[in-house]
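J.: Listed below are the residues making up each chain.
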Amino acid sequence: MDSFDIILNINGSDHAVSVEPRRTLADVIREDCGLTGTHTGCEHGVCGACTVIIDGEPMRSCLMLGVQAAGKSIRTVEGLADGDALHPLQEAFKDEHALQCGFCTPGFLMLAIAALERDPNISDEALNELLSSNLCRCTGYANIISAVRKFRDAGK
Amino acid sequence: MKPASFRYYAPQNVDEAVALLGEHAGEDGHILAGGQSLVPMMALRLARPGALIDINQIASFAEIICESGWLAIGPCVRHAAFHKSVVDNPLGTLLSDVAKHIAHYPIRTRGTFCGSLAHADPSSEWCLVAAALGAEIHARNISATRIINAVDFFSGAMVTTLKPDEMIVSVHLPLLPADSVFGFAEFSRRAGDFAMAAALTVYRLEDGRIADARLAVGGAEEDPRRIAQAEAILNGALPGTEIFREASKAAAAAIDPITDVQTNSHFRRKLVHTICERALARTVSRDG
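Chains Z and A are the protein sequences, given in the same order.
So for the first sequence, this note's numbering puts the first residue at 1; every next one is plus one.
So for the second sequence, this note's numbering puts the first residue at 1001; every next one is plus one.
In short, the hints are calculated from the structure, not lab data.
Where hints are given, some of them may not hold.
Said to hold, decoys possible - Under 10 angstroms between C-beta atoms, here's a sample of chain A residues computed to sit facing chain Z:
no.: 1; residue: Arg1007
no.: 2; residue: Pro1040
no.: 3; residue: Tyr1105
no.: 4; residue: Val1181
no.: 5; residue: Arg1209
Think of the CB as a built atom: it goes at the ideal place given N, C-alpha and C, for glycine as much as any other residue.
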């Protein structure tokens, strides 16, 4: 099938890529743009490991076609740290032992950041509901919830 | 876990979209709106459309319009658009309450109301809303637009009466009388998972008694639908625990339950009974 020449703007940088329409945004980000921080777990929208922020909203990048993301502002986990300085939410994950193998971490980070940008005072209850979107198979969820709460409370 | 190849089109207006759909209907051409059900089905190779017509670039499709007593929802309106009430009417509150039960937040930012109806999963919250409230589905192909009533739209699990060359151009929901009360409840084993049973009820009070009762059940049969036997019990009665239980019992008895590896029909009926009672209880108390 024909490929489409598109430009993806990821973390403020343009990536000119040629993609077959059948390829998901997750795969294009990883394989064509070389940004492998976005992880692909289930590849059918259940696990949330591939969550990225598109035009300010968290979305599953495995449930969007790469070709559909042309012209949109995409943010991935690579955009969080400032050089060697981790993003405060990444620090909070470290402090609260909110990751073990780290596979799900990029998805949780992008999910939480998008939600907190929208609602910096998100309630504990809403946060629990939000974080139920993604799966973690190591630490469980208590430490992830603690880390996100810590980051939220630091911003108040 | 990767979709098979397909032709991709991104029309800029509705005329182009229906023309492309007509052209590709014979090779299983599909409309791509939010893609939160279609794309996973493609990844699992349960769906192999020959062509996708991506309607996300059609600006007018993202609009919600309220006029003449109806709320018209365009085909690219996302679930998340309903998180806050979209109209100063009990319908706005109802939609907001229901929206929060749909999958998870990152799905709601992309998936669409109209797409849910076209997909017609038996457990879909929006399909239940459409059935309960008597939605009108406006469908268009290259030559005509027709209006399909919700009761004639769902035609078995994941099947609708849309023709292969027709697309939903809007779904119209009637505004509710200002004194309407509603209650929604659903059950699933995990947060955000497919509902195994869901119920939506709406009614008004006349001299303290229930009037214009609607009670619809989803997730338990192949199609969501209103349960006339339960509504008959509610109409004219004083709202309360006893009458709610009686109506729920009637709803549970009236359905032809889906069974699957997790459930038998007895379990599903019990679930419908419970979920109807919860929905009805919420008409009198948000904590119900």
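J.: Does the CB of A:Arg1209 sit less than 10 angstroms away from some CB of chain Z?
T.: Not OK, violated: A:Arg1209 not within 10 angstroms of chain Z, min 36 angstroms.
J.: Given A:Tyr1105 as an interface hint, is its Cβ closer than 10 angstroms to any Cβ of chain Z?
T.: 6 angstroms, holds
J.: Under 10 angstroms is the threshold here; is the Cβ of A:Arg1007 close enough to any Cβ of chain Z for the hint to stand?
T.: 7 angstroms, holds
J.: Does A:Pro1040 pass the interface check with chain Z, least Cβ-Cβ distance below 10 angstroms?
T.: Hint holds; A:Pro1040 Cβ to chain Z Cβ min 4 angstroms, cut 10 angstroms.
J.: With a cut-off of 10 angstroms, does the beta carbon of A:Val1181 approach a beta carbon of chain Z closely enough for the hint to hold?
T.: With a closest approach of 24 angstroms, the A:Val1181 hint is violated.
Violated hints, in rising order: 4 and 5; the structure is consistent with all others.
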